[in-house]
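With chain B's structure known, arrange chains E and R on it following the hints.
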Amino acid sequence: MTELLEKYFDRLWPICRSITGNGLRESFRILQEIIPLELLEIPSGTQVHDWTVPREWNIRDAYILTPSGEKVGDFRRNNLHVVNYSAPVSQKISYQELSAHIHTLPHKPEAIPYITSYYNERWGFCLPHQQWTSLPQEGEYEVVIDSELSEGSMTIGHLLLKGRSDREILLSSYLCHPSMANNELSGPLALAFLYTRIAALENREYSYRFVFAPETIGVIAYLSMFGETMKQNTDAGFVLTCLGDSGNYNYKRSKLESSLADQVAEHILKQGSDEYATRNFSVGGSDERQYCSPGYNLPVGSLMRSVYHEFSEYHTSFDNKNFISFRHLEKSILKYMEIVEAFELNGVYKGLIQLGEPMLGKHDMYPSSASPEVNRAEVMRLMHFLTYADGNTSLLETAVKMNCHISLFANVVKMCLDKGLVKRES
Amino acid sequence: MTELLEKYFDRLWPICRSITGNGLRESFRILQEIIPLELLEIPSGTQVHDWTVPREWNIRDAYILTPSGEKVGDFRRNNLHVVNYSAPVSQKISYQELSAHIHTLPHKPEAIPYITSYYNERWGFCLPHQQWTSLPQEGEYEVVIDSELSEGSMTIGHLLLKGRSDREILLSSYLCHPSMANNELSGPLALAFLYTRIAALENREYSYRFVFAPETIGVIAYLSMFGETMKQNTDAGFVLTCLGDSGNYNYKRSKLESSLADQVAEHILKQGSDEYATRNFSVGGSDERQYCSPGYNLPVGSLMRSVYHEFSEYHTSFDNKNFISFRHLEKSILKYMEIVEAFELNGVYKGLIQLGEPMLGKHDMYPSSASPEVNRAEVMRLMHFLTYADGNTSLLETAVKMNCHISLFANVVKMCLDKGLVKRES
Amino acid sequence: MTELLEKYFDRLWPICRSITGNGLRESFRILQEIIPLELLEIPSGTQVHDWTVPREWNIRDAYILTPSGEKVGDFRRNNLHVVNYSAPVSQKISYQELSAHIHTLPHKPEAIPYITSYYNERWGFCLPHQQWTSLPQEGEYEVVIDSELSEGSMTIGHLLLKGRSDREILLSSYLCHPSMANNELSGPLALAFLYTRIAALENREYSYRFVFAPETIGVIAYLSMFGETMKQNTDAGFVLTCLGDSGNYNYKRSKLESSLADQVAEHILKQGSDEYATRNFSVGGSDERQYCSPGYNLPVGSLMRSVYHEFSEYHTSFDNKNFISFRHLEKSILKYMEIVEAFELNGVYKGLIQLGEPMLGKHDMYPSSASPEVNRAEVMRLMHFLTYADGNTSLLETAVKMNCHISLFANVVKMCLDKGLVKRES
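Protein chains in written order, with the numbering used here: chain B, 5 to 430; chain E, 5 to 430; chain R, 5 to 430.
With the rest of the complex left out, here is chain B (with noise of 0.2 Å):
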């Protein structure tokens, strides 16, 4: 999965997106070859809950001039070089009235920082700091800033994949930064994969609502339509981003804090050989804000790597290929559709013999590996999962209350189903 995940990094990486225009748009029909998402326009000036949809915006050109004719803070070179949004501008301007439009990072000062003005409309350069100060302060200076703000739409990317059940689980991206690697390609790029995998699920139980939304507003706009059916039916939901780095895993829970999402993700995480950290919800995150708002207050947690805002290279330059390795996106991939399975096989199960043990034998039902110890352990799993197969107790608290990975289960609860033994009830 390596090849083809840098294989889409790649077409990616260029564009120069935000939470309009053609650059989101033909982002979504490269990741549409991974995942069939059906695309939403939502109009410029749509009133969606507190917020207005803006213009649309489109860029084709923007660079500095220097007094001596140098081109600096070129566009074409990298797109984080001008503030995302930023109004056209072309004219004159000496160094002191060009400096109030100039982003840079003192402390860091060979990265280019990524600044956005969505909502306050003004034009503005980022530059690496070593670059503008070590730039003329006398003679003149020529911006151009080629970019367009119009009418137009936002576009959204979202599918629902239905199972046998109308409960959902909720899996959410965020599309709207430049060339940026971790946050975020690496969320998008995560989440289109892991529906490849999911859509091959034979029998799937849970249906699965895959939103790619520009943060915040679009988040915002998809709430405003279809968040009356999510509250409803979402038993869980995760944010995808920050996935290819090579930091540990960190799990940030639902503001409900032991929410279902909460519980299998953790419960996976404990189970699994990979070191993690655990934290509560915050507001200083993504959209789980959105999701999590009190209207909502969806079960949405964000099982990362390293945090946003934690990592010294988040929105900057310095976030990029270098800084992420496909193996890492695969792993985190991996770790979704781990979590994905055991939503698949948890649920409340009933035992047909509810007043003493089953007699095992009678039913045909002892393992029969080679190991004995293998077979001890199957017994032992199968007898824990018909004890605990009350009608109440979900697989999830069984596995957790034997301390092993619910996957482990999967044999005893297909063999139970198989023989009648067993039914699921939710």
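Keep in mind that the hints are not guaranteed to be accurate.
Since copy identity is lost for identical chains, a pair holds within one copy or between any two.
[Unchecked claim] Heads up, simulated DSBU-like pairs for lysine-lysine below, C-alpha to C-alpha not over 35 Å straight-line: (1) Lys405 x Lys335; (2) Lys96 x Lys366; (3) Lys427 x Lys235; (4) Lys235 x Lys354; (5) Lys112 x Lys366; (6) Lys274 x Lys405; (7) Lys405 x Lys112; (8) Lys325 x Lys75; (9) Lys235 x Lys325; (10) Lys366 x Lys235; (11) Lys325 x Lys274.
What the hints contain is simulated information worked out from the structure, not anything from laboratory work.
The following block gives chains E and R in isolation, referenced to the frame of chain B:
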């Protein structure tokens, strides 16, 4: 008590018990000298929940004659030598053919293993591994098992010792193992002698249900008869087993995990000076699995010393009189009696004076021990008892809050009841 | 404030208070200069719950004349010398006879103990042990206690300071001890001065009930009059005592153990920089025992410094002005004020925008401090406040989740209320 325990142990030891048969009946007749059990006979073929009572098994003799005429595996020397429930056999046979019927413990070469085959008709012998491997592989062997499998019945002993209340404490042990000491003679012996102590209690509050049954099938049969009543009436219960060795106490919680049984047992252990450990319910155990099966889920735990499966003598000829001591067995019985006394004293009390504290002097409630320290501690207990005598809080909860043994409240409870200052509500 | 505290301390110190009598009334008149208490007079003989208001006690003088004519145990030099509530006596008496009426502390030979006998009519003197043992055992002693026990009344002071809401915070201290400093003058002094701060609060949300009563009998009498109302209205309460010494803070929880009183007090202590400890309710204490008696069980805890019974000066002449400092007393008052302010700010808020987050820019909600770090912290608090402003979560819970002092939310709460972005629901 230790001498009497030993006397009964010595009489019960040599009998070849099984889940049915005359050895079981003979054992019950001996126990009836201590506790006036009512015996139930459940006919072979009776359907009890998912199980069927098997045919009755009786055995007179069993042995192997080696090619040189030596008698090995002699049932009359150790009844573990024959697989319990073996079908009759009398034939000449080669070493190779015989080997399919021989059970040994290669990692414990001097021990005879304990093997049963209740529901799969076959025959077999159990030998020390070193003995089996030293026998000649050439020549003709003769095997004789003079047993009988025939329509008959399974015997269960029980007794309901009534108290003021219909609320019941279940005390259960199993009787079906041939000559082994800790698992199981320690269990039924402890239970019978515990009976004599409980029967001697004046003004018993609780009713006590004593059950002696063959493991698993016996308890399932018992539950099929009395389970519904027990579900209505049982406040707590315990399975008595593995009580004679020198190990620390181990308390295994009921499946409910914080049932009244668990709370009382753990309080008594915590306030005592013996080392102990607690563990959650698991299926690898004894009859608590039936009592806690989903359709009953009674509040039944088990206070043991060394836990079945976890001591190396378990289910071998090494679990013999040398492995246990009657001093330890007696201490186990007294520990159970401490638990019983805690149940008797526990209850929800309500003070006559609910508004403000009672004026102790007016009610002549000040204790008058010679020692001021004793008096102060007693007054503190009295005031604690009264402030929590709110008609909702149990005495156990009060003792837990004050972190002192519930029995320390016996005096103040009696004094307050005598003076009409509190009533017992439940 | 420390000078004023000392001035009032010095005026209250020499007065011989008891649970009834003119010393108590004189003390109330002094406190009325600080807090406009309404005084209640409960006649002797009045039945108050399980208790009866005793006769009124007044005393003019008391002393012992030794055989050599030396005056010892002189009430006018230290009012602890006489057993509080002593019946009148005037007689000549031998050392042996006298010794039955003498109280000393052999392990603290220089201290005069504090002894009372309210409900058992007797007389007695309290002396330093070393003084008593140095007196001649031969010769005639003369004892004089010029006291009076007569029909009268018990005085209680109280005040209900109304706020917008009828929900009450109870603030209670006791007034009945003669010349001792930490237990008890620190309590009523702190309570009176706390009143002046609370009365100065603008827009008080809560109503505050101030109670100054003789310990035990006074509070029982007060509850017999106002207990039903208090049961309806009280959200939290505190007993103020032992607040002047240099010990760390100790918070004793209400009997409910996690009442709002407990939550707020523990939050304030945890977020502060002073050392502290918490402990559960126990009966060995003061008036919290009455407030928490089963029929009321009010959410009343107590924030102290050194705990009664646990400092060696307790109930002796060593609990004097040297043992306390007015700086510590002032800090205690300010700590209580912090608790009061937390109650005032706490509440359940509900945001106008429940679906998705509000668009802060549109509501002009971005703070504009000069420091970006302050701004970022303030925005985080604003967003945290808004995401938990769900009509169910209290501000205290939000502050606990964010692990920051509730007072840090004062600005954002005010801003959101002013802009109509949240409403206070309770």
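As a check of your reading, is Lys405 near Lys335 (CA-CA no more than 35 Å) within one copy, between copies, both or neither? both (27 Å within a copy, 32 Å between copies)
Regarding Lys366 and Lys235, is the shortest C-alpha distance of 35 Å or less found within a copy, between copies, in both, or in neither? between (46 Å within a copy, 27 Å between copies)
Go through the copies and call it for Lys274 and Lys405: within, between, both or neither, with a Cα cutoff of 35 Å. Both ways: Lys274 and Lys405 sit 13 Å apart in one copy and 24 Å across, limit 35 Å.
At most 35 Å between CA atoms: does that hold for Lys405 and Lys112 within a copy, between copies, both, or neither? Between copies, since 33 Å is at most 35 Å while 49 Å is not.
35 Å Cα threshold - placement of Lys325 relative to Lys235: Answer is neither: 37 Å inside a copy and 65 Å across each miss the 35 Å cutoff.
Pop the pair Lys325 and Lys274 into one bin, within, between, both or neither, using alpha-carbon distances up to 35 Å. within (30 Å within a copy, 45 Å between copies)
Within a copy, between copies, both or neither: which one fits Lys325 and Lys75 at a CA-CA cutoff of 35 Å? This pair counts as within: shortest intra-copy Cα distance 25 Å, inter-copy 80 Å.
Between the shortest in-copy and the shortest cross-copy C-alpha distance, which are at most 35 Å for Lys427 and Lys235: within, between, both, or neither? both (27 Å within a copy, 24 Å between copies)
With identical chains treated as interchangeable, where does the CA-CA distance between Lys96 and Lys366 reach 35 Å or less: within a copy, between copies, both, or neither? Classified as between: cross-chain Cα gap 32 Å, same-chain 91 Å, threshold 35 Å.
Checking an output row: Lys235 and Lys354, CA cutoff 35 Å. Within, between, both or neither? Both: 28 Å inside a copy, 19 Å across copies.
Could you figure out if Lys112 and Lys366 sit no more than 35 Å apart (CA to CA) within one copy, between two copies, both or neither? Intra 72 Å, inter 32 Å, cutoff 35 Å: inter-copy only.
In this structure, only the earlier hint numbered 9 is contradicted, and the remaining ones agree with it.
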